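Q: Below, each chain spelled out in residue letters.
2 protein chains.
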Amino acid sequence: MSLINLSNELALGIDIGGTNTKFGIVNHRGEILSKETLKTTDYEDVEDFVDALHSKIKPLLKNFEVGKNFKGIGIGAPNANFYNGTIEHAPNLNWKGIIPFAEMITKKFGYSCKITNDANAAALGEMMYGAAKGMQDFIMITLGTGVGSGIIANGQLIYGHDGFAGELGHTIVKPNGREHWSTGSHGCLEAYASATGIAITAKKLRAEFPNSMLNEFHEDDISSATVHHCAVKGDATAIEVFRYTGQILGEALANFVMFSSPEAILLFGGVIKAGNFLIEPTKMHMEHNLLPIFRGKVKLIFSELDEADAAILGASALVW
Amino acid sequence: MSLINLSNELALGIDIGGTNTKFGIVNHRGEILSKETLKTTDYEDVEDFVDALHSKIKPLLKNFEVGKNFKGIGIGAPNANFYNGTIEHAPNLNWKGIIPFAEMITKKFGYSCKITNDANAAALGEMMYGAAKGMQDFIMITLGTGVGSGIIANGQLIYGHDGFAGELGHTIVKPNGREHWSTGSHGCLEAYASATGIAITAKKLRAEFPNSMLNEFHEDDISSATVHHCAVKGDATAIEVFRYTGQILGEALANFVMFSSPEAILLFGGVIKAGNFLIEPTKMHMEHNLLPIFRGKVKLIFSELDEADAAILGASALVW
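Chains C and W are the protein sequences, given in the same order. Counting with our numbering, you get residues 1290 to 1609 for the letters of the first sequence. Counting with our numbering, you get residues 1290 to 1609 for the letters of the second sequence.
To be clear, the hints were calculated from the coordinates, so they are not data collected in a lab. Any given hint might turn out to be false.
What the hints assert, rightly or not - With the Cβ distance kept under 8 Å, some of the chain C side facing chain W (calculated, not the full set):
#1 E1377
#2 I1447
#3 N1544
#4 N1578
As the list claims (entries may be wrong) - Ranges of calculated distance between the beta carbons of each label pair, as one might list FRET restraints:
#5 P1464(W) / I1387(C): 30 to 38 Å
#6 T1308(C) / R1318(W): 56 to 64 Å
#7 P1581(C) / E1320(W): 35 to 43 Å
#8 P1499(C) / G1585(W): 45 to 53 Å
#9 G1423(W) / R1318(C): 38 to 46 Å
#10 E1333(C) / P1464(W): 34 to 42 Å
#11 G1423(W) / N1383(C): 36 to 44 Å
#12 G1473(W) / D1595(C): 41 to 49 Å
#13 G1473(W) / K1492(C): 51 to 59 Å
#14 G1564(C) / Q1425(W): 38 to 46 Å
Just so we're clear, the structure is a prediction, and the values are computed from it rather than from any experiment. By construction, the Cβ of each residue, glycine as well, lies at the ideal position given by its N, Cα and C atoms.
Whole structure, please, built from the sequences with the hints as guidance.
A: Okay, structure coming up:
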């Protein structure tokens, strides 16, 4: 008999985002041995998406299956339900209704599959391999196409009664505020603090300030990245876009802190490339809205994991 | 050797409210053998309050100490910290700063003492003896002088990193809204949905509607109870007070649901005497603000425990 070699145990981690799907073969130490991506938006039909995933992943698996202890597939996806293995009514995906995604994957791949909310997966990844290592209480906020969240309390992921806990992007932060492009709700956090929301804010503000450098870009090119580009060059309107976003995000974070009193809030996703333009106003407005007993206590930190890797690692963490 | 008789194990449960303090001797079955009250607001100094508590409780204890297995003292109090045994900066109490309350009680009474947020205690009471028996995920909202909350997720109380989780009354529900009389924050849930907040709303609305029956009462007599009295008589302004309160409460509850996805929200405290005048608009606005995946799933229920008893039972539950 020999000792179990943990690096010999493998899992497939798949992160399904509103725009891109990332996947990789991961060992128990959190090393990604092979990874690739697929454009989520290219597939109107979920069956086609699963077929495309399989075609891309099969050759990867072939390289690793022989002589290894392949443990299964972990998936992070928007509105995924850990208990049921489903993706249900995801506002940021093409596939509507209730999709038995874990079952579809198991059928196609022949391996057991666990699925959870993409932000829950990211939280698990941070807790196992990232900035939240050793933390018992933290909140993960993912700022990408949408705004997701994963909540760890008492050292455990909060799934809630039905598996859907942690939809903080859809909490209302400005009653009667901006209409959400997909849910139709008014004033939810995602409508402002996602990459999509930031682009909307930027388009509104540049119309008000004709001298802004933001007006040099084509409508379709206005994104969190272009706003950052202009902010770095000192454009006051671009800076104001992030200040406004940070104010709303900070107010929302204060409410979340008063819910579960975390040691830290981890921010993750494309939007955090805005750095201090976003983080400073966020921190200021979070602190301002907290009860005194919470002030100065909560660390507001960026994910330490490489963005492309964290989601894959998190998804694979479901398998262990 | 004889079997342990659980009804022979006793605890003292103390519930410190913004207005009244209730306490009682409780056995393990949740039977209150003796109880009394004290007016919290009568004591400017916390030392005087502890002395007064001791004078009132000593005779009660005398009757039960002999031959019984007295297990200790459990306390529910606003802004109490389970980890530190302190009451810290409670906006609704006279005693400011950080008070080592559990230590003071142990010193005075000679028994070990555990303390938690009053609403956490109420949640424990409901989970052990009340409407939440057997539930793994629920949120307790106490609507009294203030608005408190206790959150149970994965079958456990959420204390958070520092022991202060569950201050939902201080989450901001109307940015730039009504100023809180004590914290100075603008638009928190407590400023609207507490008994104090309801009285403020009633005073504002009766000034706008001179024909309202609410104008028959003296300023000092306007309370959640008098508003209820007028609503029952069909006064449209009084009914509007509860509808407005229910709208804000419902919007807040929707956000809480999207955080921890509870099986139920339990409402508790003096304000719930308003019954359907409050609960119907609350339910409507909660449902309206939820993502479709949460709709029609969350039970909104009133506490089943006698109000006076629930807080004592909950506090005593800390001891077991």
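Q: Decide, hint by hint, whether the structure agrees.
A: Each hint tested on the structure:
no., hint, result
1, E1377, "holds, 5 Å"
2, I1447, "holds, 5 Å"
3, N1544, "holds, 4 Å"
4, N1578, "holds, 6 Å"
5, P1464(W) / I1387(C): 30 to 38 Å, "holds, 35 Å"
6, T1308(C) / R1318(W): 56 to 64 Å, "holds, 57 Å"
7, P1581(C) / E1320(W): 35 to 43 Å, "holds, 39 Å"
8, P1499(C) / G1585(W): 45 to 53 Å, "holds, 48 Å"
9, G1423(W) / R1318(C): 38 to 46 Å, "holds, 40 Å"
10, E1333(C) / P1464(W): 34 to 42 Å, "holds, 39 Å"
11, G1423(W) / N1383(C): 36 to 44 Å, "holds, 40 Å"
12, G1473(W) / D1595(C): 41 to 49 Å, "holds, 43 Å"
13, G1473(W) / K1492(C): 51 to 59 Å, "violated, 36 Å"
14, G1564(C) / Q1425(W): 38 to 46 Å, "holds, 40 Å"
Taken one by one, the earlier hints fail for this structure only at number 13.
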